[in-house]
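Trainee: So you can see what is in the structure, the chains are spelled out below.
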Amino acid sequence: MKTPRFLTVMLLSAGLALFAAGCSVVQKGADVLSGQGKISQKDRDTIVKTSEAVRSTFADLSEEEEYYIGRSVAAMILSKYPASKNDGAAQYINLVGNAVALYSDRPEIYAGWHFLILDTDEVNALAAPGGMVFVTKGLLRRCRDEEMLGMILAHEVGHVCARHGLQSIKKSRLVDAFRLIGQQAAQRYSPENLAQLTNIFENVLGDIAEQLIERGYDRKYEYEADRLAVKFGARTGFDPDGINRFLKTMVGDSSSVSGKGWFKTHPSPEDRMTGLAKEIGSLSAVPKIDPVRTERFRQFLGSLK
Amino acid sequence: MRTPRLRAVLLTLLLIVAIGWAADTLVVKIQTTQLRKSPQYFSQGLAALKAGDRLEKISESSGWIQVKTSGGVVGWIHSSAVEVTKFNLLAMDKSMKTQATASEVALAGKGFNKQVEDKYKSKHTEMNFAAVDAMLQLKTTLAQIEDFLKKGKLGESRGAK
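Residue numbers (my numbering), protein chains in the order written: chain A, 1 to 305; chain B, 1001 to 1161.
None of these hints come from the bench; they were simulated from the model.
Check the hints yourself; a few may be wrong.
27 Å max Cα-Cα, derived DSS-like pairs, lysine-lysine [what the hints assert, rightly or not]:
1) Lys171(A) / Lys220(A)
2) Lys1139(B) / Lys305(A)
3) Lys264(A) / Lys137(A)
4) Lys288(A) / Lys231(A)
5) Lys80(A) / Lys1114(B)
6) Lys248(A) / Lys1153(B)
7) Lys278(A) / Lys288(A)
8) Lys1114(B) / Lys170(A)
9) Lys85(A) / Lys1151(B)
10) Lys1057(B) / Lys1037(B)
11) Lys170(A) / Lys1151(B)
12) Lys171(A) / Lys1037(B)
13) Lys1150(B) / Lys171(A)
14) Lys85(A) / Lys1068(B)
15) Lys220(A) / Lys170(A)
16) Lys1121(B) / Lys80(A)
17) Lys1150(B) / Lys288(A)
18) Lys80(A) / Lys1151(B)
The structure presented is a predicted model; accordingly, all values stated were derived computationally and were not measured.
Can you build the whole structure from these sequences, using the hints too?
Mentor: Here it is as structure tokens:
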């Protein structure tokens, strides 16, 4: 009798593993089967355990979880840098950013795309998971036209689309979190589980902050974001060379090199320009800069002071 | 020995049927969105959709999916707004109807959610969540983006996608 029963469990487990999603769902699904007397409590536990193993990487985080992680990363950034109070400038930056996001691979994101100017002279741009993107006044002042800004925002949108922030999370944290989440059937967490899960959440934020703010992403992620920027920016209609023209302003800038922000967290401008030129060269049609956009960018820059 | 073997076969069949059915069912995974008349953002909105709404897939065209709502409205939705359901094995339990996807972990009140954020906030009062809320309050409408693209000779105005 043992073999067929084992087969039943294995088939169910394998099926559930292949198509598994949420532990709670699996738990309830197993409950359903268990309640109907189809499988034993032991078998049920096996299935739940299998599902826990399935939800184990950053890719298994839901959109809502990504949003809540992103909110806390954004709160960290905003406790470090003040937000600009200029409403007109905020509206413009959101229009440029949302235009690019609309032509990205992820036009729809949990709570929509949001862009914010940080009131600092440091040169930097950052993207929290969930579509919250930050750009500093110092960086904006280096831009000469809308193409430069559009392409920088397209690079940040690229990081979010490829979920680079979430990829910084150590796998063990997620394994622990998913196990804990799978353990509780109730809608709200018990105080003990909540405390444990919040501890894991803090470590998750620490992993992301270390990469995003302190050390910078792995170089391969920066190059991937550049490739995505060319794709999204050109689709929107921006001259993708805008990002190269921006990077040229950074070459040999010792004040920035020795300072914080961009240079600490990005590969050298020279290395990036080589990759970008190749990417732009592979486009079938390259949009050109338009004076209408440059003029509205100048107005925006004038209002930023 | 027969009964368990038969049970295994039946369960496998059930799983296959459930998976086949699941392939045509989608769940909205973002907070809110619109069902559109044609496969493009600036086309007329037909119905408001929210996270957890289930849709029946009809066809697909360059990143857009033609769907039917539970209310019978047919329209288009961008693929980034939905997730294909998994686990329709659970459709046998009617109460599970809105919880059958990966994203539904969060909808079921699980995962990193508001409860976890609130606990984190209480431990870290130095984190500026008020500024995050203010950032998220600034909404950019599709009409504003369309106007911005048009005036800047971007997007459809330059003959792009």
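Trainee: Would you mind marking each hint as holding or not holding in the structure?
Mentor: So, going through the hints one by one against the coordinates:
The straight-line distance between the Cα atoms of Lys171(A) and Lys220(A) is roughly 19 Å, inside the 27 Å bound, and the hint therefore holds. At roughly 24 Å between alpha-carbon atoms, Lys1139(B) and Lys305(A) fall within 27 Å of each other, so this suggested pair holds. Of the pairs offered as hints, the one joining Lys264(A) and Lys137(A) holds, with about 17 Å between alpha carbons and a cut-off of 27 Å not exceeded. With a CA separation close to 14 Å, the supplied pair Lys288(A) and Lys231(A) stays within the 27 Å bound.
Taking the CA atoms of Lys80(A) and Lys1114(B), the gap is about 23 Å. The hint holds against a cut of 27 Å. Restraint check: the Cα-Cα separation between Lys248(A) and Lys1153(B) comes to about 26 Å, which is no more than 27 Å; the hinted pair holds. Straight-line distance between C-alpha atoms of Lys278(A) and Lys288(A) comes to about 17 Å, which keeps the hinted pair within the 27 Å bound. Taking the CA atoms of Lys1114(B) and Lys170(A), the gap is near 22 Å; set against the 27 Å cutoff, the hint holds.
Restraint check for Lys85(A) and Lys1151(B): the C-alpha separation of about 26 Å stays at or below 27 Å, so the hint holds. A hinted pair counts as satisfied when its Cα atoms are at most 27 Å apart, and Lys1057(B) with Lys1037(B) qualifies at roughly 15 Å. About 45 Å separates the Cα atoms of Lys170(A) and Lys1151(B), which puts this hinted pair outside 27 Å; it is violated. For a cut-off of 27 Å, the pair hint linking Lys171(A) to Lys1037(B) is broken: about 42 Å separates their Cα positions.
Taken as a hint, the Lys1150(B) and Lys171(A) pair is broken in the structure, with Cα atoms around 44 Å apart against an allowance of 27 Å. Distance hint between Lys85(A) and Lys1068(B) is unfulfilled; the C-alpha atoms sit about 43 Å from each other, more than 27 Å. Between Lys220(A) and Lys170(A), the direct Cα distance comes to roughly 17 Å. Compliance with the 27 Å bound is thereby established for this hinted pair. Our distance criterion of 27 Å between C-alpha atoms is met by Lys1121(B) and Lys80(A), whose separation comes to about 16 Å.
A distance of roughly 15 Å separates the Cα atoms of Lys1150(B) and Lys288(A); the hinted pair therefore holds under the 27 Å criterion. Restraint check for Lys80(A) and Lys1151(B): not satisfied, since their Cα atoms lie roughly 36 Å apart, outside the 27 Å limit.
Hints 11, 12, 13, 14 and 18, counting from the list given before, are not met by this structure.
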